[in-house]
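Q: Chain by chain, the residues run as shown.
4 protein chains.
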Amino acid sequence: MSDKETVWKTAITQIQPNHVRVRGYDIADLMTKLSFGGAVYLIVVGQLPSPEIGRLMDALLVSSIDHGATPPSVLAARTAASTGASLSASVAAGILSINRHHGGAIEECARQLNAIVRGTKQTGKNLDEAARASMDEMKKTGRRMSGFGHRIHTADPRTARLFELARQAGVFKDHCEAALAVERFFQAAGKPLPINVDGAIGAILADLEFPYEAMNGIFMIARSPGLVAHVVEEQTREKPMRRIDPEKHAYDGPPVRNL
Amino acid sequence: MSDKETVWKTAITQIQPNHVRVRGYDIADLMTKLSFGGAVYLIVVGQLPSPEIGRLMDALLVSSIDHGATPPSVLAARTAASTGASLSASVAAGILSINRHHGGAIEECARQLNAIVRGTKQTGKNLDEAARASMDEMKKTGRRMSGFGHRIHTADPRTARLFELARQAGVFKDHCEAALAVERFFQAAGKPLPINVDGAIGAILADLEFPYEAMNGIFMIARSPGLVAHVVEEQTREKPMRRIDPEKHAYDGPPVRNL
Amino acid sequence: MSDKETVWKTAITQIQPNHVRVRGYDIADLMTKLSFGGAVYLIVVGQLPSPEIGRLMDALLVSSIDHGATPPSVLAARTAASTGASLSASVAAGILSINRHHGGAIEECARQLNAIVRGTKQTGKNLDEAARASMDEMKKTGRRMSGFGHRIHTADPRTARLFELARQAGVFKDHCEAALAVERFFQAAGKPLPINVDGAIGAILADLEFPYEAMNGIFMIARSPGLVAHVVEEQTREKPMRRIDPEKHAYDGPPVRNL
Amino acid sequence: MSDKETVWKTAITQIQPNHVRVRGYDIADLMTKLSFGGAVYLIVVGQLPSPEIGRLMDALLVSSIDHGATPPSVLAARTAASTGASLSASVAAGILSINRHHGGAIEECARQLNAIVRGTKQTGKNLDEAARASMDEMKKTGRRMSGFGHRIHTADPRTARLFELARQAGVFKDHCEAALAVERFFQAAGKPLPINVDGAIGAILADLEFPYEAMNGIFMIARSPGLVAHVVEEQTREKPMRRIDPEKHAYDGPPVRNL
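The listed protein sequences correspond, in order, to chains A, B, C and D. For the first sequence, the residue numbers in this note's numbering are 1 to 259. For the second sequence, the residue numbers in this note's numbering are 1001 to 1259. For the third sequence, the residue numbers in this note's numbering are 2001 to 2259. For the fourth sequence, the residue numbers in this note's numbering are 3001 to 3259.
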């Protein structure tokens, strides 16, 4: 297309006959050299990840691939599916249920940790002091810290693993340290609220300099296979228009098995 | 929960305090041992993929991560975003635009190739004969073969790469061979319609014994990062309520660069 | 726009400076001369309704405006809302849950009644004979009649009222009569399955020569205010991320009052 | 259900065997005594409208039933439909494109007019003075008044008609007067920005004491028939996967005709 006909521009993917280039890289090359997690980093951040960051991105996506049948995104997707909605319409009902109160803790925690990190730079305080100042300020204004504590898990195995991989990838930096400082603050205050998986993802994405406004998208990408699996299970295993009880269900899949 | 209180069951993910197990496997283990592509295979098919199949799944997802700004899923997502829709609502608009005529060629081609493969088993014909019989039958009934030919690409670099990786993973089997037979049929008929990326994915997923009803879901998962990137670009780069021309846009991202 | 620049056409609404014309009629005139029900008829069918048909359309839409908190469209909409989804995203989650098994009985019943009506014309049978033949045929092929019987209501007050208004409007014709014939068939067979509200709407829309493919849309239009009301109630009355029990809720609104 | 089993409550619709009561009123009665516009008022506001307000609500809904093929909600719905999305999924894509920048002017204008009305009460200023103060304040903080001016219409016939009907219904009060004051302000400032249809609806809904958070829902309800009509037209008239040009289309429906 000649330039004068062009009315708007995009910096994501270039399409030419027999060439597809994502952020400048040939897609056939990307297919062999990057995992999907690495490609997610590339397409959102715009830069090629190191192999370690690519692996970390995969771990981060795998950590959020599914959390059983109770999350609202799954309930919305199954409810749509039970009326006869197509796979895509059902998955869409799930995706549009990922918002501030479901998945949103990733971005919110990242922004809150960033406020603490900025606090250290502006005031010369250390992380523990800046965390305490932030927590005190939030308490006064009636806000609460996102990404800490979990309804079910007291020691979330996903959090520990994510931080371990972040250390290995050399990206366990200010925001991850700030998350630990907040954890220490809660511990000292007698409220053991460990970092949860959303908080860990938020801390890591912030340390990766991921754009904040795209962070909730990482949860959507990560959870999409879970939504697909739940919708297909609903469509193939259940009767239409059933009343889907959000609590009274149990797991009857393969027993515990080792990798 | 006691058994008598349970009213329905799911075989996907088991949630217990401090344990999340996907298809029986501990998620913290999966986070280090599987790429996201491998985890997608596990959660949909229910079995652990070999490392080669895991890599193939990643390549397959990367191959469809984005195709520029013209596909209807991107236009729907950007159109929603331009009205002020949230990231999740915009991505949902994109996902629900993935259907029979957009992404659907994967499942349709897989089913059509399977009809050819079954044809060889039922009639003793070889693949070329069975492919010809199928094509003749489809012509009579006014149907057309999905997954062949492309509006833009005559030699899609993604197709060749996918088949190469499928061979390396040892899963280039009947359905992939049937795809080549169909390609030979078109060639012989003077209509050079090469297998396109959807057709290759369909053939490979069929050879992986992927459930047909979940195949379109693979495209949704694969395309979700592209949708996230486009929506974020729309939200951060464009004015609200602009008229989004589906053709008159150009790429202005990073120049061609090598991995 | 000059004709040669035009690439596609629409026959619904003409926009010119200071003029909006729906199906040819000036919208400012429509605003005073048609109720919304009448305008729905006009925009979908393309013809101006008689005043009686306009009133019937209003009654038909009012009959389906809401059915409490248990229908899946409401549960999907509330589930989305509880995650922080916007009003429009939540209502959209409700709309995309209106499908074959929820609202879809309108179109299906209309088509089934039409098969009976066509049966009388093709075979010379009377409606009762044609209804019996249809029911027998459906039984053999494992299909069931849509639009008859209700989980909660044995004598749905909405059905009687709709048929009464259809008679007054002079549009109680073949399809409505066929619905009564099916009701007599069930009665005679010892299965008292009265016409339900979906069945009555389907019969009436068929007698109004409404396009079948738009019938489910009437349910979407009719239910949209209910969805809006439920989402606003969820957003203003409930806490985010609550577990929405699909059964254990009760009504606490205004007591029974008379018009 | 016994009270102790109830875990949540709704004040919208009561369902009992053979009874459906909306905000306390029997639905079969509502079907004959209220138009759909009146029922929309009842279900959202919770009170029975006067006959005049019922008619006004119908006029208000009819005024926004459609605005041709260019609004983003129609483009999103048609784009989804062109991929093979169902009627409900396509309409949902349209609904979720109704947001702050499309339809949202109703609520925003209503809130801005309310600020002016409150201004008169708090300061003793008259409406023109309060309007000027509001406009000056908004200019300083870089905000703009919603609901005034139109891309296409300089004298929107819908606005005049709506205000006329509001006067007849006796609900042309403070907020409608404030809208006129703003119009006078723009006139005096040499920027003739007449109230547009969204502004008029916002002013009237505010004078009707409609809840602000539900106002955008009125636009969704009003526009749903237009979306249904456009999706059915797309599905029945156009080929799948066409490139939908947002501008190069023309009207080819019935010629101008009189009521």
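Calculated from the structure, these hints are not laboratory results. Hints may be right or wrong, so weigh each one.
Said to hold, decoys possible - Among chain C residues calculated to face chain B with C-beta under 10 Å, some are:
id, residue
1, 2083
2, 2084
3, 2085
4, 2093
5, 2096
6, 2149
7, 2153
8, 2154
Said to hold, decoys possible - Below are the DSBU-like pairs computed for lysine-lysine, each with C-alpha atoms no more than 30 Å apart in a straight line:
id, chain 1, residue 1, chain 2, residue 2
9, C, 2239, D, 3140
10, D, 3239, B, 1140
11, D, 3121, D, 3173
12, D, 3009, B, 1009
13, D, 3239, A, 9
14, D, 3033, C, 2033
15, A, 125, A, 191
16, A, 9, B, 1248
17, B, 1239, C, 2239
18, D, 3248, C, 2009
19, A, 121, A, 139
20, D, 3248, A, 9
21, B, 1239, D, 3140
22, A, 248, D, 3009
23, A, 239, D, 3009
24, B, 1239, D, 3121
25, D, 3239, B, 1139
26, C, 2248, D, 3009
27, C, 2248, A, 140
28, B, 1191, D, 3239
29, B, 1139, A, 173
30, C, 2033, A, 139
31, A, 248, C, 2033
To be verified - Now the stretches of chain B that chain A is said to cover, found in silico as 3 or more residues with beta-carbon under 8 Å:
id, stretch
32, 1033-1045
33, 1088-1102
34, 1109-1121
35, 1125-1138
36, 1223-1233
The beta-carbon is built from N, C-alpha and C at its ideal position, and this holds for glycine as well.
Q: All hints are to be evaluated individually against the structure, with a verdict given for each.
A: Hints and how they fare:
{"no.": "1", "hint": "2083", "in the structure": "holds, 9 Å"}
{"no.": "2", "hint": "2084", "in the structure": "holds, 9 Å"}
{"no.": "3", "hint": "2085", "in the structure": "holds, 7 Å"}
{"no.": "4", "hint": "2093", "in the structure": "holds, 8 Å"}
{"no.": "5", "hint": "2096", "in the structure": "holds, 7 Å"}
{"no.": "6", "hint": "2149", "in the structure": "violated, 23 Å"}
{"no.": "7", "hint": "2153", "in the structure": "violated, 24 Å"}
{"no.": "8", "hint": "2154", "in the structure": "violated, 26 Å"}
{"no.": "9", "hint": "C:2239 / D:3140", "in the structure": "violated, 37 Å"}
{"no.": "10", "hint": "D:3239 / B:1140", "in the structure": "holds, 21 Å"}
{"no.": "11", "hint": "D:3121 / D:3173", "in the structure": "holds, 14 Å"}
{"no.": "12", "hint": "D:3009 / B:1009", "in the structure": "holds, 27 Å"}
{"no.": "13", "hint": "D:3239 / A:9", "in the structure": "holds, 27 Å"}
{"no.": "14", "hint": "D:3033 / C:2033", "in the structure": "holds, 18 Å"}
{"no.": "15", "hint": "A:125 / A:191", "in the structure": "holds, 23 Å"}
{"no.": "16", "hint": "A:9 / B:1248", "in the structure": "holds, 9 Å"}
{"no.": "17", "hint": "B:1239 / C:2239", "in the structure": "violated, 34 Å"}
{"no.": "18", "hint": "D:3248 / C:2009", "in the structure": "holds, 9 Å"}
{"no.": "19", "hint": "A:121 / A:139", "in the structure": "holds, 22 Å"}
{"no.": "20", "hint": "D:3248 / A:9", "in the structure": "holds, 20 Å"}
{"no.": "21", "hint": "B:1239 / D:3140", "in the structure": "holds, 21 Å"}
{"no.": "22", "hint": "A:248 / D:3009", "in the structure": "holds, 20 Å"}
{"no.": "23", "hint": "A:239 / D:3009", "in the structure": "holds, 27 Å"}
{"no.": "24", "hint": "B:1239 / D:3121", "in the structure": "violated, 37 Å"}
{"no.": "25", "hint": "D:3239 / B:1139", "in the structure": "holds, 20 Å"}
{"no.": "26", "hint": "C:2248 / D:3009", "in the structure": "holds, 9 Å"}
{"no.": "27", "hint": "C:2248 / A:140", "in the structure": "violated, 37 Å"}
{"no.": "28", "hint": "B:1191 / D:3239", "in the structure": "holds, 23 Å"}
{"no.": "29", "hint": "B:1139 / A:173", "in the structure": "violated, 62 Å"}
{"no.": "30", "hint": "C:2033 / A:139", "in the structure": "violated, 58 Å"}
{"no.": "31", "hint": "A:248 / C:2033", "in the structure": "violated, 53 Å"}
{"no.": "32", "hint": "1033-1045", "in the structure": "holds (count 9)"}
{"no.": "33", "hint": "1088-1102", "in the structure": "holds (count 10)"}
{"no.": "34", "hint": "1109-1121", "in the structure": "violated (count 0)"}
{"no.": "35", "hint": "1125-1138", "in the structure": "violated (count 0)"}
{"no.": "36", "hint": "1223-1233", "in the structure": "holds (count 9)"}
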